[in-house]
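Number of protein chains: 4
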Amino acid sequence: MQGLILKIDCPDQHGIVARIASYIADHEGNLIELSQFSDRADSKFFARVEIDTTNLKVSVEDFINGFITLGNSLSAKWHFRTLPYKMRTAVLVTKTDHCLNEILWRTQLGEMPIEITSIIGNRDTCKQIAQNAGIPFHHIEMDGDQKEEGFKKIRSILHEDKVELTVLARFMQILPDWFCQEFSGKVINIHHSFLPAFIGANPYRQAYERGVKLIGATCHYVTSELDGGPIIEQEVKRVQHFHTPQDLLRLGRDCERTALASGIRHHVHDRTIIHNNRAIVFPD
Amino acid sequence: MQGLILKIDCPDQHGIVARIASYIADHEGNLIELSQFSDRADSKFFARVEIDTTNLKVSVEDFINGFITLGNSLSAKWHFRTLPYKMRTAVLVTKTDHCLNEILWRTQLGEMPIEITSIIGNRDTCKQIAQNAGIPFHHIEMDGDQKEEGFKKIRSILHEDKVELTVLARFMQILPDWFCQEFSGKVINIHHSFLPAFIGANPYRQAYERGVKLIGATCHYVTSELDGGPIIEQEVKRVQHFHTPQDLLRLGRDCERTALASGIRHHVHDRTIIHNNRAIVFPD
Amino acid sequence: MQGLILKIDCPDQHGIVARIASYIADHEGNLIELSQFSDRADSKFFARVEIDTTNLKVSVEDFINGFITLGNSLSAKWHFRTLPYKMRTAVLVTKTDHCLNEILWRTQLGEMPIEITSIIGNRDTCKQIAQNAGIPFHHIEMDGDQKEEGFKKIRSILHEDKVELTVLARFMQILPDWFCQEFSGKVINIHHSFLPAFIGANPYRQAYERGVKLIGATCHYVTSELDGGPIIEQEVKRVQHFHTPQDLLRLGRDCERTALASGIRHHVHDRTIIHNNRAIVFPD
Amino acid sequence: MQGLILKIDCPDQHGIVARIASYIADHEGNLIELSQFSDRADSKFFARVEIDTTNLKVSVEDFINGFITLGNSLSAKWHFRTLPYKMRTAVLVTKTDHCLNEILWRTQLGEMPIEITSIIGNRDTCKQIAQNAGIPFHHIEMDGDQKEEGFKKIRSILHEDKVELTVLARFMQILPDWFCQEFSGKVINIHHSFLPAFIGANPYRQAYERGVKLIGATCHYVTSELDGGPIIEQEVKRVQHFHTPQDLLRLGRDCERTALASGIRHHVHDRTIIHNNRAIVFPD
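Chains as they are written, first to last, in our numbering: chain A, 1 to 284; chain B, 1001 to 1284; chain C, 2001 to 2284; chain D, 3001 to 3284.
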């Protein structure tokens, strides 16, 4: 299908849906799917629209440019994406490979419209996996005082590769503020706990010691606040008293894989909108 | 809020959303929530729209009547409901009372906008519960050849009470065809299995014998086909080898209560549309 | 069934199960169910044994007394309970009644072997429910400086009624230290969040603001540390961006009811053993 | 750890646990974990015992042989397995590779103590995956009248490789009766529905047409009855009206992977005992 995804948010006001839908209909676009959400507390309107452009009576370019008048009159922020597409994605790893493998597997299967441009590791453990998958692997040392330099190298790679999405697939480094800000809304992390419980290091050990009966994983956007960004997806799994911290680690991997894959999927399908510190996720 | 819910389905065609949303905007209605679904296999369009009518520039009546032109031009079936409202509901029971109690409890708490006009039992076991809740109880004998007569009496009650929804809350009688047809789309049943597994009698015994590891309950619209109508909601619960059929019955009650309450909620909020033998459920 | 439940914990050592099981067999008791757990980190052994005493060749009393020698030789702590029994239980409430109703309903249905000796409220909102159920209701003022006195009155009631279990069914008061200590291991609370996230007041508001995608409830033993005691059971439910704090409150009620009922059930069946700050729960 | 797993079933009778535990203690074995289940309806006893043999005062061989007297006196069937071990496993596939990948991934990670001796396909689609993993791949044609011959070839491979477990990882062939009987209790299948619903071909299409709100996958032992053998594990996932059969297939893959991995894990840890058409699964 030739098409467009429109994501838009603006102050809530009278007749928004009518005006957007009419713009599409007037240009002979076919509205395939419309999801909207009004946050009444904030008087904000959010929508995601999928449009079939096969019979559009103008060019896709003109359609997109023509929207500016409407968008501005709504005081909106908006974004069009042309379908089909693949989101250019970098995956950052340390040693652990289960999240990386999950992403590769779902990509190869066509479950996620992404193109993995590079795998970047502060260890070289995952090099072989990258090579088997035919994806460039960059080993960037980040120990001690190499850290700042390391993140600058990563930034260069992301720019060179025109990366739109960076996935922290169990990447065991805290991102510097400037990095979080530069790539705001474009970095997804998987944290191995049911946030906001067990922020920081060794969450499975923390979970074991607290004696929780469910463990979890949280996929979220990265912000300057550690493990504090907008949550896209969470998964949990039941555990029992006889499970050791090692068992929790094993069982938690399944939550991590599922939550991360699902979070990435929502993002690359443009189904998420960040609103304050919360993520609107239009389901699919 | 003064408002309207519009449910509509029609052949899929160009510009439906634009036309509906514009109709609302043109009359100064405020679109609160729009859920739509296009079944591409069938080329059918379905939508549910919630409209704030506070600032409507015509009367609600004129707004509803004025829609006829648009509705007809779309070859649509549609339905308006005025908010706030309470759906007049009858609950049919036999002996078991947990589903009845759940409905009463959620109604009293204001979770579900329903008014229970009567509780009807082919046993009088639940009479006391009805009296405590201040709801008329009708004991209608249905054993042996009293069955046909019994269902006629129920029909009379439903008509007299202007009932819009009939809930079979563990009502242990198979409805006659004429009843299913007369009240098509207006009778909700809870079946104590994960349909389509274990249709008919003693599903927990069947589940035990099959050795399933998850048991369930299914809330569905009643049709002439036993346990075969459109499914609104399903719930499951994990079981183990040491659970007896009696345990499954106990554990299953929780699934039944949750699935039935959720199914009723979807229905009374006009969030369901029956399409062939499937139920579209716009989430809330 | 005439029977006994034995709960025992002791330092891990050679041959414990053999010695316990032999003691039972030697006295012609019939071992119905044996659950054991060895915490290797702590070298501690825990077990729960269910014994059919129908054919016991000594009196139950002698059987219990005779165990002292074995128990002492294992340096064990142990407890026998005679079956069938009903655990004498007090329920503490404030205004909210859904947890109270759930307990009453499951008790009446015979799901939980408890006898509710009294319902105690710092508001009188639940008085009518208590009266309908034929259970004494005590309204104890606890506002301002009446709090300490109030808890002393509660203690008196618990002692007079020979209460074994106190359930905080959405009781909106923090228990004083002396109360927690006196009734240690005998007070169960339901907290309306997925602990350890959102400790303290307004957890649903906290959950909303953090934008979690799953909300939960936690049933735990009460200790001096607020919401910090051993966790018995946790439940979660998926939520979405459009759910308001009010929706979370509604959805959370289902988690609370389920987790509390399940936690009480585990406790009254003597399936829990507190070990440090964790609860061992032998499943049923 | 040097150890043994004992699986045993016998008619229920007085003192079984005492006798087994005493046998272990008398030989200075250390009982690590004991799981037992008495099926009262059938008067049958089942147990799984894990024994640390480090301090055994006889050889492991003598310990195992010495058990014969006790086992026979209980009219038991029993089986000892020496720890650590890896179960020799063959994986049968057609084209679909997600279940195969999952098994390989979990094996490499050390989650499952198995050694994959061969991958056998009636298509050669998975050949590359096998080669990357360094596992022999056998392409065996089974179309048309090659089927019977094909299964004989598979039998030969299983015998030559001393395979203990055969996993049907989305293997699209119905096994002949003689094969099911010869390898009874040693063949595990993953069926892509929540059995017993949607037996046979195209279960996701069936599920779509029935309009279920949860789809599932079932891991079970293979018997002569199609999709009718003892169930080890089941997983479900929520679906909505807008999910196409293609979506169900995608979402179902996650259920299949999880249920199959979990089922295999239970089997290779000797945590399953088949009893009539049900599988006892001692949890871990």
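I should point out that these hints are in silico values taken from the structure, not numbers from a laboratory. Keep in mind that a hint or two might mislead.
Claimed, not checked - For lysine-lysine, the following DSBU-like pairs were computed, each having C-alpha atoms within a straight-line distance of at most 30 Å:
1) A/Lys127 with D/Lys3186
2) D/Lys3095 with D/Lys3007
3) A/Lys57 with B/Lys1057
4) C/Lys2007 with B/Lys1237
5) D/Lys3162 with D/Lys3007
6) B/Lys1057 with B/Lys1095
7) B/Lys1162 with A/Lys7
8) B/Lys1127 with C/Lys2086
9) D/Lys3153 with B/Lys1237
10) B/Lys1152 with B/Lys1186
11) A/Lys44 with B/Lys1057
12) A/Lys162 with A/Lys186
13) C/Lys2007 with C/Lys2186
Predicted, not measured: the structure shown is a model, and the values here were computed from it.
Do the hints match the structure? See the list:
1. A/Lys127 with D/Lys3186: 37 Å, violated
2. D/Lys3095 with D/Lys3007: 36 Å, violated
3. A/Lys57 with B/Lys1057: Distance ~34 Å between A/Lys57 and B/Lys1057 Cα, so the pair is violated.
4. C/Lys2007 with B/Lys1237: Distance ~28 Å between C/Lys2007 and B/Lys1237 Cα, so the pair holds.
5. D/Lys3162 with D/Lys3007: Holds. D/Lys3162 to D/Lys3007 sits at ~21 Å (cutoff 30 Å).
6. B/Lys1057 with B/Lys1095: The hint is violated at about 52 Å.
7. B/Lys1162 with A/Lys7: Since the Cα atoms of B/Lys1162 and A/Lys7 sit roughly 45 Å apart, the hinted pair is violated (cutoff 30 Å).
8. B/Lys1127 with C/Lys2086: Holds, because 28 Å separates the two Cα atoms, which is no more than 30 Å.
9. D/Lys3153 with B/Lys1237: Distance of about 42 Å is beyond 30 Å: violated.
10. B/Lys1152 with B/Lys1186: 16 Å, holds
11. A/Lys44 with B/Lys1057: 24 Å, holds
12. A/Lys162 with A/Lys186: Given pair A/Lys162, A/Lys186 holds - Cα atoms ~12 Å apart, limit 30 Å.
13. C/Lys2007 with C/Lys2186: 15 Å, holds
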